[in-house]
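Protein chains in written order, with my numbering: chain A, 1 to 323; chain B, 1001 to 1323.
Simulated from the structure, these hints should not be mistaken for lab results.
Source: prediction; values computed, not measured.
Be aware that a few hints might be false.
[What the hints assert, rightly or not] Only pairs whose alpha carbons sit at most 25 Å apart, straight line, appear in this in silico DMTMM-like list of lysine to aspartate or glutamate:
id, chain 1, residue 1, chain 2, residue 2
1, A, K270, A, D225
2, A, K67, A, E8
3, B, K1266, A, E126
4, A, K201, B, E1263
5, A, K17, B, E1261
6, B, K1260, A, E8
7, B, K1066, B, D1095
8, A, K201, B, E1275
9, A, K270, B, D1088
10, B, K1266, A, E267
11, B, K1260, A, D225
12, A, K110, B, E1275
13, B, K1266, A, E258
14, B, K1271, A, E222
15, B, K1260, A, E258
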Amino acid sequence: MDKDILLEVKNLHVGYKTHIGISHVLKGVHLTVHKGERIGVIGESGSGKTTTMKSILRILPSNGMIKEGEIFYQGENILEMKYEELLELRRKKISMIFQDPTSALNPLFKIGQLMLDIIKHSYNLEESEAKEMALKALRDAALPDPERVFDSYPFQLSGGMRQRVCIALALIGDRELIIADEPTTNLDVTIKAQVLNLLTKLVRERNVGWIFVSQALGAVRENVDRVYVMYAGNIIEWGPTEKVFSNPMHPYTQKLLECVPKLTGTEFSKGIRGRIPNYFNPPSGCRFHPRCDFVMDECKKTFPEPVEVETGHFVACNLYRRR
Amino acid sequence: MENEYILKIQNLKKYFETPYGTVRAVDNISLKVRKGTTMGLVGESGSGKSTTGHVVVGLFPPTSGKIFFKNKDISVPLEKRSKELKKDIQMVFQDPASSLNPKKIIRDIVGLPLKVHKMVQTKEELEEKVAKLLEMVELPPEDFMYRRPVDIGGGEKQAVSIARAIATNPSFVIFDEPTSALDVSIQAKIINSILNIQRKFRLTSLFITHDLSLMRNISSEVTIMYLGKVCEIAPTDVFFQKPLHPYTQMLLSSVPVLTKEEEELKPKGIKSIGEIGSPIHPPSGCRFHPRCPYAKEICKKKEPRLIEVEPGHFVACHLYAEK
């Protein structure tokens, strides 16, 4: 590895306890982020994207349990950190931007108060210095009239502005890794483009690592260096963005890309038959096999070992194993 | 007969009174839909596209203006519409979960319009018809007939809504963002059944969406709306080759795409800026002027008229007025 590794998730298994049994969501997820690298994680709803991200920050709901695996942040295992170390990590190193900016901001406090609390707590600064830092963060997030935003309640701002505030909050200080979980899903098309442009610009300028989780395949393609494709709690394909999108190998990735309507108006896809599996009793072997057109006997038995099909482009599918 | 207009909207206005002022949701729009075609109605939130659909189907009476359906004036409150007319215009809503009665089984949900319009006499007849409808949307009747909405997935719920909408054999169906709550693989399936049904019944439809790529694949004509006004109307092919209105260009340039061919279709040299204005106090003159890179003095004062720049291609913008 030529570049330094910032975050490494290894063989992560996560499940949720529910009143009708244990749902086995993640089954051996792995992920690597280098310093300053932009990573995309794509997959449909219920594929385990958010669960993976929440595991990294250890903010899973109380019924979530990490059964197996390791998450290294600059060599330290996050899963073994003490509470204080974990707080320090969340305050200064890794931050997260959520899908819904409305529920991410406490409606009872002004934006300024929210920001000051966070900054004062994390950096032990005086009120005036903290305010300066907050205003700078708002200005960097391209918010018009930062002073007014500072003095507003969340409900007084539009959805796009609220998400910009969340971005400003996430980028305060010297962050090293930003996790953005569907940051633009709730926004309008033109606002989406604005917010994404802002995020990529800031991430590039500050050279921070970025994990961009989204179902919007086009948005991921246009903004990241490397992409991971998730299906039913597994990473099934990963590699440099351009290679994965122009030459998808896994049958699921191929179908998924076909399903996206194109501006050129080419023949419309028939969709993927079946639906995402039930996690209480997931399919054996490759979890995609009940929906796959190329299914073989061995797919039902074992999860395929990943194969490197071209430099840096890996696929976990039995179709490519015998080469 | 091909050129016959089935729906004509003339100077339609729909205002809503709120404690903060009058919301001008739809402000003086006119459009026509040809028999057997699909008109795509595109816009961001607050553009008035859904309100237009709701007024056509009769959920709200128009504030002023006329709607003609098969040359009959239908701009009357719902109570005054004839049963025959209600049978002829149907609607599929955006959120399948809240538009299906959770207490009823699928047979009764799809069968209700059949009973209301006295299209079936006996229970056997009802079940037989419902089974046929479910087959049309690719739901195996034996699996779905006796289940309730909570037991089935989002895509399947939307398929049920579509089956219900076509139960009365309507000639006009309004689809209000039928797939925006669904995953792409499910979306592809639903769109396919919509396309099949349209072909089979020679259905005319109004398809409301914010997704331009989807629009490309299903509609024959496109209408772009912004803050209650129509910006541009064009046949789909022409629209994507030659978008004229600056807002349309901004919208198109904001669409994230998957391939290089698509990228070539995106207008260059325009960037998304600003946010959609308030429908209570809309900007003066052309409502898009605060965000428009080409805005001139006249745009702030005078509202542009919708003019025909080439056959079938209409645009409301001062840039094209003097030519």
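Structure-based check of all given hints:
1. Distance check on the hinted pair: K270 of chain A and D225 of chain A sit about 30 Å apart at the alpha-carbon level, beyond 25 Å; violated.
2. Proximity of K67 of chain A to E8 of chain A is assessed by CA-CA distance (about 17 Å); at most 25 Å being required, the pair is judged to hold.
3. Between K1266 of chain B and E126 of chain A, the direct Cα distance comes to roughly 49 Å. Violation of the 25 Å bound is thereby established for this hinted pair.
4. Only pairs whose Cα atoms come within 25 Å are accepted, and K201 of chain A paired with E1263 of chain B is accepted, the gap being roughly 20 Å.
5. With a CA separation close to 47 Å, the supplied pair K17 of chain A and E1261 of chain B exceeds the 25 Å bound.
6. Only pairs whose Cα atoms come within 25 Å are accepted, and K1260 of chain B paired with E8 of chain A is rejected, the gap being roughly 32 Å.
7. Pair hint K1066 of chain B plus D1095 of chain B does not hold up; C-alpha atoms about 28 Å apart against a cutoff of 25 Å.
8. Under the criterion of a C-alpha separation no larger than 25 Å, the hint pairing K201 of chain A with E1275 of chain B is consistent with the structure, at around 20 Å.
9. Between the alpha carbons of K270 of chain A and D1088 of chain B the distance comes to roughly 29 Å, so the proposed pair goes past 25 Å and is violated.
10. This hinted pair checks out: K1266 of chain B and E267 of chain A have alpha carbons roughly 20 Å apart, not beyond 25 Å.
11. For the hint linking K1260 of chain B to D225 of chain A, the alpha-carbon distance of about 17 Å falls within 25 Å, and the restraint holds.
12. Between the alpha carbons of K110 of chain A and E1275 of chain B the distance comes to roughly 22 Å, so the proposed pair stays at or under 25 Å and holds.
13. Taken as a hint, the K1266 of chain B and E258 of chain A pair is honoured in the structure, with Cα atoms around 20 Å apart against an allowance of 25 Å.
14. Simply put, K1271 of chain B and E222 of chain A have alpha-carbon atoms about 15 Å apart, close enough for the 25 Å limit, and the pair holds.
15. With a C-alpha separation of about 15 Å, the suggested pairing of K1260 of chain B with E258 of chain A holds against the 25 Å cut-off.
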